[in-house]
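Same order as they appear, the protein sequences are chains D and V. Okay, so the first sequence: first residue is 1 according to the working numbering, each after it adds one. Okay, so the second sequence: first residue is 1 according to the working numbering, each after it adds one.
Treat the hints as calculated values from the structure; they're not laboratory data. Treat the hints loosely; a few may be bogus.
[Claimed, not checked] Here are some, though not all, of the chain D residues that point toward chain V, as calculated from beta-carbon distances under 7 Å:
1. V62
2. M87
3. I96
4. Y98
5. E181
[As the list claims (entries may be wrong)] Far from chain D by the CB rule (all over 12 Å, computed), these chain V residues:
6. R9
7. F12
8. T28
9. S35
10. D41
11. T42
12. G67
13. N81
14. G85
15. G164
All C-beta atoms in this analysis are idealised placements derived from N, C-alpha and C, irrespective of residue type, glycine included.
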Amino acid sequence: MIESMMKTRLFQWVDARTDAGSIIRSQLTEYPAPRNLNYMWNFGSLALLVLVLQILTGIFLVMYYKPSAEMTAGGFTVAFDSIERIMRDVNFGWLIRYMHAVGASAFFIVVYLHIARGLYYGSYKGPRELLWIIGVVILLIMQGAAFFGYLLPWGQMSFWGATVITNLFGAVPVIGDLISEVLRGGFAVGDPTLNRFFSLHYLFPLLLAAIVGGHVHALHVVHSNNPEGIDIDHEKETIPFHPYYTIKDAFGVAVFLIPYCYFVFFNPEAWGYFIEVDNFVPANNLQTPAHIAPVWYLTPWYTILRSFESKLLGVAAMGASLAILFVLPFLDRSKVRSARYRPVYRQMVILFFISVLVLGYCGHSAPTATLKLVGQIATAIYFGFFLLLPFVHKFEKTKPVPERI
Amino acid sequence: MTDHADHSRRNFLYVAAGGLGAVAAGATIVPFVGSMLPAADTLAASKTEFEVSTVAEGQLVVIQWQGKPVFIVNRTTDMLNRIQGHDDKLKDPMSQAMSDVQADWMDTEEKRINRSIKPEYLVLVASCTHLGCIPLFKPTEGQKDWGDSVPADWAGGWHCPCHGSLYDLSGRVVNGSPAPNNLHVMQYKYMTDTKVLIG
Chain D
1 MIESMMKTRL FQWVDARTDA GSIIRSQLTE YPAPRNLNYM WNFGSLALLV
51 LVLQILTGIF LVMYYKPSAE MTAGGFTVAF DSIERIMRDV NFGWLIRYMH
101 AVGASAFFIV VYLHIARGLY YGSYKGPREL LWIIGVVILL IMQGAAFFGY
151 LLPWGQMSFW GATVITNLFG AVPVIGDLIS EVLRGGFAVG DPTLNRFFSL
201 HYLFPLLLAA IVGGHVHALH VVHSNNPEGI DIDHEKETIP FHPYYTIKDA
251 FGVAVFLIPY CYFVFFNPEA WGYFIEVDNF VPANNLQTPA HIAPVWYLTP
301 WYTILRSFES KLLGVAAMGA SLAILFVLPF LDRSKVRSAR YRPVYRQMVI
351 LFFISVLVLG YCGHSAPTAT LKLVGQIATA IYFGFFLLLP FVHKFEKTKP
401 VPERI
Chain V
1 MTDHADHSRR NFLYVAAGGL GAVAAGATIV PFVGSMLPAA DTLAASKTEF
51 EVSTVAEGQL VVIQWQGKPV FIVNRTTDML NRIQGHDDKL KDPMSQAMSD
101 VQADWMDTEE KRINRSIKPE YLVLVASCTH LGCIPLFKPT EGQKDWGDSV
151 PADWAGGWHC PCHGSLYDLS GRVVNGSPAP NNLHVMQYKY MTDTKVLIG
């Protein structure tokens, strides 16, 4: 199809002026992809799909959403009422909003699996260090965008989540209070906070789109890793991205859409995991809900925060747990990439995945003494993974890697 | 690589899968475009009540209906006389050009000329049919009050300030105006002797 499209006179006309043909050939129809990529390599294209869906649904939601904490005659706020109007009166408003709300969680599910793939198969190691670092930047912007977006419905969880997180920055010595006030535009979360969070929630996806472009460009310079984690012969061991991986990615999209549509149409709240029950209660600055927790995709880091007695230490540890991802490529000194041939690293990285899941569970649950201890152990494992990494290559007996894939 | 592929089968699958994907993508457009149509609460606010007895004789008031301005004029006998006898100067004296300039209640010739249910109370959409400006009400005869913004034989009516369209006191467009049609009318009915329900 692409080949016949490229033979048309219209395309020839465009090609003579933009060189579009050589871009399509080098990036798509002749782009060499390893022939042994497994289904874990589908999550990059899925993340791109969800990003497009989020931007698209977001643009349409903004046509009706009003970022104002002003009270209405009905006793609610303009923002809260505008969401209810989207749900009840706007044609297909419920569908577009649920696509957006479920899409936020779907985005993190596919991105976390994408990151886990990179960790397991050593995709972060040279020459892909910068590719990984750009990916970490994308993760941080996603988390920021999700956090800003969660304030917009102006429900109880929106309000108190934003209160807790903006107060976190108050722990920073000397300038902490100033940072909090700049974030909130006041002494407490209020109308100015809602307006600036809305502005930033619209800005961050634009940044994401640009940086994702950089991520893909960097990928196409250093090329994809593969399950064996070995350097490959670009002539003999690759297949063109199109049609082989476009078809495989399209199949992945079809499979992804099944659970996505299930949640959008039948279970958008996902038992309180995607949309927390307390957020159906309008924001009340005089009453905190009985149990405050972030949405599931932020709970691992929330547990790290809660695991420390000192507020400053907790905030610092939470920041470090994300910042340490930037230096991961330089901590790991092993010459072998894939965990398939690294028995010790394989155990470590699986334990690391488990620790993140445990951290997530703890962060979503009400704090108890037992869970606090569990969370602290999981936090220790989380950081232990990174601290042990620089020394693993000294004692790890790697298995022989194959010459060819 | 030898090619043992069944090409007709492959092409069928290719077209079937691609076609289904195209239909799905097309269907996805429906909710997005649909969401841009007026919402249910906007549609629900589509009727307006008005007490026409509050309009003094010869006076015009502008009210809102569906977010649009609406003229309500209480025409005097003199004004009603002045809508007669200039049919030759009108583009569409009997309001038959299109659906928006007529309504179901125009069931007699008199109502069609008056363009109202009760002769005195005229209810019109106050948007010039050229490009939507609100025409100025210039009810008196001749150029005495209006200068040369209206012709010398002016029988009273509306003058649009944007591009000079002229309408008579029934809101019928005068020949030579850039506006193509008479001012639009809408469905309305009398709830009581003096209360109208517009829409």
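Going through the hints against the structure:
1. V62: Cβ of V62 of chain D sits 11 Å from chain V, so the hint is violated.
2. M87: 11 Å, violated
3. I96: 6 Å, holds
4. Y98: 11 Å, violated
5. E181: With a minimum Cβ separation of about 37 Å from chain V (threshold 7 Å), the hint on E181 of chain D is violated.
6. R9: R9 of chain V is indeed farther than 12 Å from all Cβ atoms of chain D, at 16 Å.
7. F12: 15 Å, holds
8. T28: 9 Å, violated
9. S35: Its Cβ does come within 12 Å of chain D, the nearest being 5 Å, so this is violated.
10. D41: It is violated; D41 of chain V is separated from chain D by about 4 Å at its closest Cβ, not greater than 12 Å.
11. T42: 8 Å, violated
12. G67: 16 Å, holds
13. N81: 48 Å, holds
14. G85: 50 Å, holds
15. G164: The assertion about G164 of chain V holds, with a minimum of 36 Å to chain D.
Consistency with the previously given hints fails for numbers 1, 2, 4, 5, 8, 9, 10, 11, ordered from lowest to highest.
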